[in-house]
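**Q** Chains as they are written, first to last, in the numbering used here: chain A, 1 to 271; chain B, 1 to 271; chain C, 1 to 271.
Hint data in this document are derived by calculation from the structure and do not stem from the laboratory.
In this text, a Cβ means the ideal position worked out from N, Cα and C, and glycines have one as well.
One should not assume that every hint holds.
[Said to hold, decoys possible] Taking beta-carbon pairs under 8 Å as the criterion, some of the chain A residues facing chain C (in silico):
no., residue
1, 87
2, 234
3, 247
[What the hints assert, rightly or not] Here are the simulated lysine-lysine pairs, BS3-like style, with alpha carbons at most 27 Å apart:
no., chain 1, residue 1, chain 2, residue 2
4, B, 235, A, 235
5, C, 268, B, 235
6, C, 268, A, 235
[To be verified] Between beta-carbon pairs, the in silico distance windows are:
no., chain 1, residue 1, chain 2, residue 2, range
7, B, 235, A, 150, 52 to 60 Å
8, B, 89, C, 72, 40 to 48 Å
9, C, 103, B, 124, 46 to 54 Å
10, C, 159, B, 261, 53 to 61 Å
11, C, 261, B, 11, 56 to 64 Å
12, A, 147, B, 72, 30 to 38 Å
13, C, 178, B, 129, 31 to 39 Å
14, C, 191, A, 142, 49 to 57 Å
15, A, 139, B, 162, 32 to 40 Å
16, B, 170, A, 234, 34 to 42 Å
17, B, 129, C, 72, 38 to 46 Å
18, B, 13, C, 97, 41 to 49 Å
19, A, 170, B, 260, 30 to 38 Å
20, B, 103, A, 97, 18 to 26 Å
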Amino acid sequence: MRSPDAVVGQQLSPNDLAQAAAAVLDRLRTRVPRVHCITNAVAQNFTANVLLAAGAVPSMTLSGEEIGAFVARAQALLVNLGTFDRERREATGIAVDTAVRNGLPWVLDPVFVDRAEQRAVYARDLIFLAPKSIRLNHAEFAALAAGEPTPASVSAFARDRTTAVGLSGETDLVTDGVRVAAIGNGHPLMAKVTAMGCAASALVAACLSVESDAFVATAAALLIVGVAGERAAAKSSGPGSIAVAILDELHNLDGPTLVSRAHITFAKASE
Amino acid sequence: MRSPDAVVGQQLSPNDLAQAAAAVLDRLRTRVPRVHCITNAVAQNFTANVLLAAGAVPSMTLSGEEIGAFVARAQALLVNLGTFDRERREATGIAVDTAVRNGLPWVLDPVFVDRAEQRAVYARDLIFLAPKSIRLNHAEFAALAAGEPTPASVSAFARDRTTAVGLSGETDLVTDGVRVAAIGNGHPLMAKVTAMGCAASALVAACLSVESDAFVATAAALLIVGVAGERAAAKSSGPGSIAVAILDELHNLDGPTLVSRAHITFAKASE
Amino acid sequence: MRSPDAVVGQQLSPNDLAQAAAAVLDRLRTRVPRVHCITNAVAQNFTANVLLAAGAVPSMTLSGEEIGAFVARAQALLVNLGTFDRERREATGIAVDTAVRNGLPWVLDPVFVDRAEQRAVYARDLIFLAPKSIRLNHAEFAALAAGEPTPASVSAFARDRTTAVGLSGETDLVTDGVRVAAIGNGHPLMAKVTAMGCAASALVAACLSVESDAFVATAAALLIVGVAGERAAAKSSGPGSIAVAILDELHNLDGPTLVSRAHITFAKASE
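Isolated chain A (complex conformation) (with noise of 0.2 Å):
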């Protein structure tokens, strides 16, 4: 396996994502990163679950007082609009000055910015703050770019902010503006239970503090959730046992067998 370091600034093959994935996946197990999460009421547990059975360990204050130095001591930053509140919004300002003063690679989750209008001004505002990647869904990429998205769509959007970009959806897309893989694992059952888009935008920021690159980051982290949601499924019969599983298919989930099940086609940033 070619080392991610080498693989990247190079053209990547498919393969060579995957084996990058995998690469991912060992050095969270091996560095066991804190990874602070700002995230919603309804995701924290499930969330923290997710991280943990990654390898990663979660922290998840959100006092004023305190998230300084958490996110000091952690080595990535989620920040996640859900359930947004005055107490979310004074942490966020803290812990992403934090994480920008330190060097930590911080990821935006703008759930439901098509739900609120405000959510969504807000969610713009902290893209100039240089989040390292973006993770949502089709209604909240289409209502933050004001257009609907496609593999051009998206890479541009992610080119502009100079970010990358992971789109959840049938097929997971995954940008950085140049590079544009599609992930066609998964499960549509995965869609039934809540926070499952929130936990892996937790993953992506867990990816990112073992891997430079954010685009074979955000891959990584799709790709890990998606690899691990199938199997999952496989062995479940509804939302409730899958959302059980996924935990210990993530726990026990090993490079070799991300790389085979890997489904990733690339496409082109510009049409």
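Chain A is fixed; fit chains B and C onto it per the hints.
**A** Relative to the frame of chain A, chains B and C by itself:
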């Protein structure tokens, strides 16, 4: 199957009510209603998963700046008084106002009003804002109504407040002050899972978004939870596994199963 | 079985302690104590389910207006410092005051005091308010006590503060400064489930409500969690399934199983 609209306003039989509940379940899956939930911190994740499993889409922000926009784009509202703090109190004011102005049905779940007098006072005030349904347990009813629940006392309570009531217990009681149904489905293990009643209240809200007869909607929700719960219990070894299995069963439940499993009897609204 | 009251104040054997834990478990099921929990947002749902599975009834409001009434009607209080914000800080002041005034036992879980100095300072202040027991892990002990945990250092810490201590780790250590028990039950997968320790602390509070000897109550709670956890691990494939199975096992655990599975040894309180 007769349509529920034909059923409303005439004499329902228990089997009619089960058929109407099956039709409600079908409409949930077809219309995928959005349900905004102000609910307690313990219940948020499980409630979201119950709504998703049954076919609805939850949102849960409490932010005063956003909640009006969220409720305005939803089809029903839940107000659950668990872990009720300043933020939830402010959110409730805005959310109920928005629901009333937009003609959205809303449901009150007066959790633990037997534990703090302030909470009971607040619940009584909220009832003046005309919830379409109130779902609660025996201790909560006793605290609100200053008397033990019987078919007669519960239906008088509902009649006086022009609301439907869903009283959970070994047998659930549903009434709108005129009609009184006893639903004998469910399983004792369900009482050992936190937020089971809270999630049932959220499902009442979901059902109200697709069924204008509050008696039918409330009965449908409690029947759906009861049948899913007893099917889940048959596959479970305790409170952990039933909480998972009920999500699977909610997702997999169909109308004919609901009708064939229903244990509904009717009582008189007054003695 | 000798009664725990006979056991207290005389020399306990490890088997006596296991028998006393079994008696505590029986009393939990008989008395169904109410435990009010100030705990972090990540842990609330799992903690409530652990308490219900073991036989107690949780409540979790943080509202300054209500929490006094809730604590006054409870039999024990937990203060967990995870996700500690202004609301939890205000709630803690009122709740601990109420507990002290009413003679209720309360437990401190100083989550992540190793991550933010402000939190460690606050925890040290709280200890002056005489928790009956403190449950924590190695990093948290090291931050509070300014030294690594050993049987001697932990028992000195407990003795100096007139409290019991439950130190979680590969082997749990329980001491009141005089007696020191090492509990070798549990399973490594438990550390991959968020809030497992937090829930154990809540169970310490529940046990204190039915057992006045804080050493016995703390050991009982950690033994119950450890035995339930290792039985759950035997049926699990990873951190998702063990989190479910431990709730089943807690619900189904009986005294004789607890005694027969207990791995308890005693150490000396000082060298």
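**Q** Against each hint, give a clear statement of whether it holds in the structure.
**A** Consistency of the hints with the structure:
A hinted interface residue such as residue 87 (chain A) counts as satisfied when its beta carbon comes closer than 8 Å to some beta carbon of chain C; here the least separation is about 6 Å, so the hint holds. Interface restraint check for residue 234 (chain A): the shortest CB-CB distance to chain C comes to about 13 Å, outside 8 Å, so the restraint is violated. At a threshold of 8 Å, the smallest CB-CB gap from residue 247 (chain A) to chain C is about 3 Å, leaving the interface hint in force. Proximity of residue 235 (chain B) to residue 235 (chain A) is assessed by CA-CA distance (about 15 Å); at most 27 Å being required, the pair is judged to hold.
Between residue 268 (chain C) and residue 235 (chain B) the alpha-carbon distance is near 47 Å, which puts this suggested pair outside the 27 Å criterion. Distance restraint check for residue 268 (chain C) and residue 235 (chain A): the Cα-Cα separation of roughly 49 Å exceeds the 27 Å cut-off, and the hinted pair is therefore not satisfied. Here the CB-CB span from residue 235 (chain B) to residue 150 (chain A) is close to 44 Å, at odds with the stated 52 to 60 Å. Against the hinted window of 40 to 48 Å, the Cβ-Cβ separation of residue 89 (chain B) and residue 72 (chain C) comes to about 21 Å, which falls outside the hint.
Judged by the Cβ atoms, the range 46 to 54 Å given for residue 103 (chain C) and residue 124 (chain B) is violated: they are separated by roughly 33 Å. Hint check: residue 159 (chain C) to residue 261 (chain B), Cβ distance near 60 Å, so the stated range 53 to 61 Å holds. At about 59 Å, the CB distance of residue 261 (chain C) to residue 11 (chain B) agrees with the hint of 56 to 64 Å. At roughly 24 Å, the beta-carbon separation of residue 147 (chain A) and residue 72 (chain B) lies outside the given 30 to 38 Å, and the hint is violated.
Evaluation of the 31 to 39 Å hint for residue 178 (chain C) and residue 129 (chain B) yields a failure: the beta carbon distance comes to about 58 Å. Distance hint check: the CB atoms of residue 191 (chain C) and residue 142 (chain A) are about 41 Å apart, inconsistent with the given range 49 to 57 Å. Checked against the hint of 32 to 40 Å, the pair residue 139 (chain A) and residue 162 (chain B) passes, with Cβ atoms roughly 37 Å apart. At roughly 38 Å, the beta-carbon separation of residue 170 (chain B) and residue 234 (chain A) lies within the given 34 to 42 Å, and the hint holds.
For the pair residue 129 (chain B) and residue 72 (chain C), the beta carbons lie near 30 Å from each other, so the given range of 38 to 46 Å is not met. In this structure the supplied range 41 to 49 Å is violated for residue 13 (chain B) paired with residue 97 (chain C), their Cβ-Cβ distance being about 57 Å. At roughly 35 Å, the beta carbons of residue 170 (chain A) and residue 260 (chain B) sit within the given window of 30 to 38 Å. Taken as a hint, the range 18 to 26 Å is violated for the pair residue 103 (chain B) and residue 97 (chain A), whose Cβ atoms sit roughly 44 Å apart.
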